[in-house]
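Student: Quick mapping for you: the protein sequence lines, in order, are chains E and X.
Residue numbers are given in our numbering: position 116 of the first sequence equals residue 116, and the series is strictly consecutive.
Count along the second sequence starting at 1, add 134, and that's the number in our numbering.
Keep in mind that the hints were calculated from the coordinates and are not lab data.
Check the hints yourself; a few may be wrong.
As the list claims (entries may be wrong) - Beyond 10 angstroms from chain E on every Cβ pair, some chain X residues (computed):
1. Y313
2. P463
3. T483
4. Q484
Claimed, not checked - Here are the computed distance ranges between Cβ atoms for each label pair:
5. A156(X) x V20(E): 55 to 63 angstroms
6. E497(X) x G101(E): 49 to 57 angstroms
7. E449(X) x G22(E): 22 to 30 angstroms
8. T70(E) x Q155(X): 21 to 29 angstroms
9. P481(X) x G58(E): 39 to 47 angstroms
Glycine included, C-beta positions come from ideal geometry on N, C-alpha and C.
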Amino acid sequence: MSSAIPGDLKYGETDEWVRVDGDEATIGISDYAQNELGDVVYLDLPWDDAGSRTIKAGDHIGDIESVKATSPLFSPVSGLILKVNESLRDQPESVNSEPYGKGWLLVIRLSDPSELDKLMDAAAYEAFIQTRKQ
Amino acid sequence: MGEHETAATALQRTPLFERHQALGARLVEFGGWEMPVQYSGIIEEHRAVRERAGLFDVSHMGEFRITGSGALAFLQSLVPNDVSKLAINQALYTQLCLPTGGTVDDLLIYHLGTDDYMAVVNAGTMPKDWAWFTEHAAAHADVTLRNDSATTGLIALQGPAAQRILQPLTTTDLHTIAYYHCQPGTVSGIECLISRTGYTGEDGFELYCSAGQVGALWDALLAAGRPEGLLPAGLGARDTLRLEAGYCLYGHELTEDITPLEAGLGWSVKLNKESDFIGRQALLDEKQHGLKRKLVGIVLRDRGIPRAGYAIMREGERIGEVTSGTMCPTLEQAVALGYVPPDAAAPGTQLAIEIRGKPVAAEVVTLPFYKRAK
């Protein structure tokens with residue numbers, strides 16, 4: 001099964017995507033990841049931390065619950081949590097239906113933009129998925 | 135992220151494996167078998183079964199044939215339920231117990247004819263169950279055992295539209311098959327045992343046929359069911375459906391350390407039947423002295439999803455453990471099954487489930503979570 005991998009995003013090895021706009025980065029999980037998880041029914045995100053919590057790349061920042069299992073969510077970048085997608089409280093299924101749109105998870109103000117260079121571009125991420133399937 | 139499937143070494147496959155692949159199923163390891171966990175999505179498949187119909191490949195289950203003039207006496211000595219009460223073409227639910235009362239497996243027993251029975255056991259425990267059957271049959275005269283697991287195909291057709299879908303494919307009048315009864319017949323020209331049983335909480339049928347014909351049977355049922363909104367359904371939906379219906383899953387609610395009485399299956403344990411059976415004394419003692427723990431249904435009163443292994447808390451103290459949990463697709467509520475001491479088992483009891491170190495408010499409720507309207 002092929003997955004959508006937009007060319008304008010960066011990707012982490014734990015299947016997050018990052019969309020950069022100035023010094024702000026929006027984070028979500030990839031189409032491949034949502035498909036692997038199956039129906040998302042609940043997200044445990046840092047709801048109360050917007051504007052107050054600084055995280056490091058690799059930090060465990062939440063959990064995504066599908067019908068079958070719980071999967072930890074890691075931040076691919078460092079910085080201050082600016083926003084958490086409140087609509088996912090009532091519509092967690094957006095992560096499945098629009099992983100790159102309404103299903104976004106967090107916005108982070110980047111403290112170290114050079115971290116972006118360590119993330120994969122779309123071609124590298126596609127190759128990365130293929131190696132994992134084998 | 136996600137559950138990465140382990141390397142598929144030496145996993146067994148049912149005769150329908152290629153069909154699952156062609157249908158785009160996600161395949162996972164389950165009890166030593168490579169099985170479809172979902173096709174279009176667990177929630178969609180779950181709802182199809184509740185509202186219309188779903189088709190499940192359960193050919194991985196094990197089937198043992200027990201024949202001979204000693205068959206009934208042997209089975210009576212092996213299981214807590216009363217097999218002597220079965221009419222021909224009737225089935226019952228029961229367990230295999232250890233002398234301690236712990237559960238080796240849970241199973242169905244069909245009475246197919248005079249001195250002729252079939253036991254249907256779980257896939258992952260089949261080798262252990264077969265050893266248990268053969269070991270204990272040795273002490274009985276005139277019992278012949280045959281392991282038909284590899285040569286038997288099994289499809290479950292479940293949901294309110296099941297009879298409407300199946301009837302045009304068979305000359306058997308399905309109205310004459312009551313719940314937990316069966317009849318031999320043909321479906322789309324294929325010889326089957328048509329059984330009105332299931333594991334979803336809906337009306338439905340389980341169709342046993344030869345492994346060589348189960349593919350043709352699957353195709354016929356899928357074609358007949360599609361216009362009625364039937365979907366192929368995987369083990370994921372099977373699990374959420376059985377959990378809503380409050381059915382035990384071996385390895386979760388039942389293990390060798392859990393007795394059927396603790397699991398709330400006392401209705402299937404006939405301590406006063408004429409025959410002695412393995413585990414009877416332990417179960418009698420347990421009943422007399424009182425249960426140490428009971429299986430309960432729990433709903434979360436705050437946000438979160440309970441999972442197997444999570445702690446059940448009361449006033450800050452750990453009193454038990456979740457054995458199964460999920461977000462119920464029909465009820466749209468997070469629910470769990472788990473074991474607690476009897477004094478915490480009454481519906482309405484306020485508890486908490488510890489989710490990643492945080493207590494989440496929960497309440498004991500009456501099982502099942504879901505019961506279909508008759």
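Student: Each hint should be assessed against the structure and marked as holding or not.
Tutor: Hints, verified against the model:
no. : hint                                  : in the structure
1   : Y313                                  : holds (28 angstroms)
2   : P463                                  : violated (7 angstroms)
3   : T483                                  : holds (24 angstroms)
4   : Q484                                  : holds (22 angstroms)
5   : A156(X) x V20(E): 55 to 63 angstroms  : violated (41 angstroms)
6   : E497(X) x G101(E): 49 to 57 angstroms : violated (37 angstroms)
7   : E449(X) x G22(E): 22 to 30 angstroms  : violated (50 angstroms)
8   : T70(E) x Q155(X): 21 to 29 angstroms  : holds (28 angstroms)
9   : P481(X) x G58(E): 39 to 47 angstroms  : holds (44 angstroms)
Violated hints for the displayed structure, listed by number in ascending order: 2, 5, 6 and 7.
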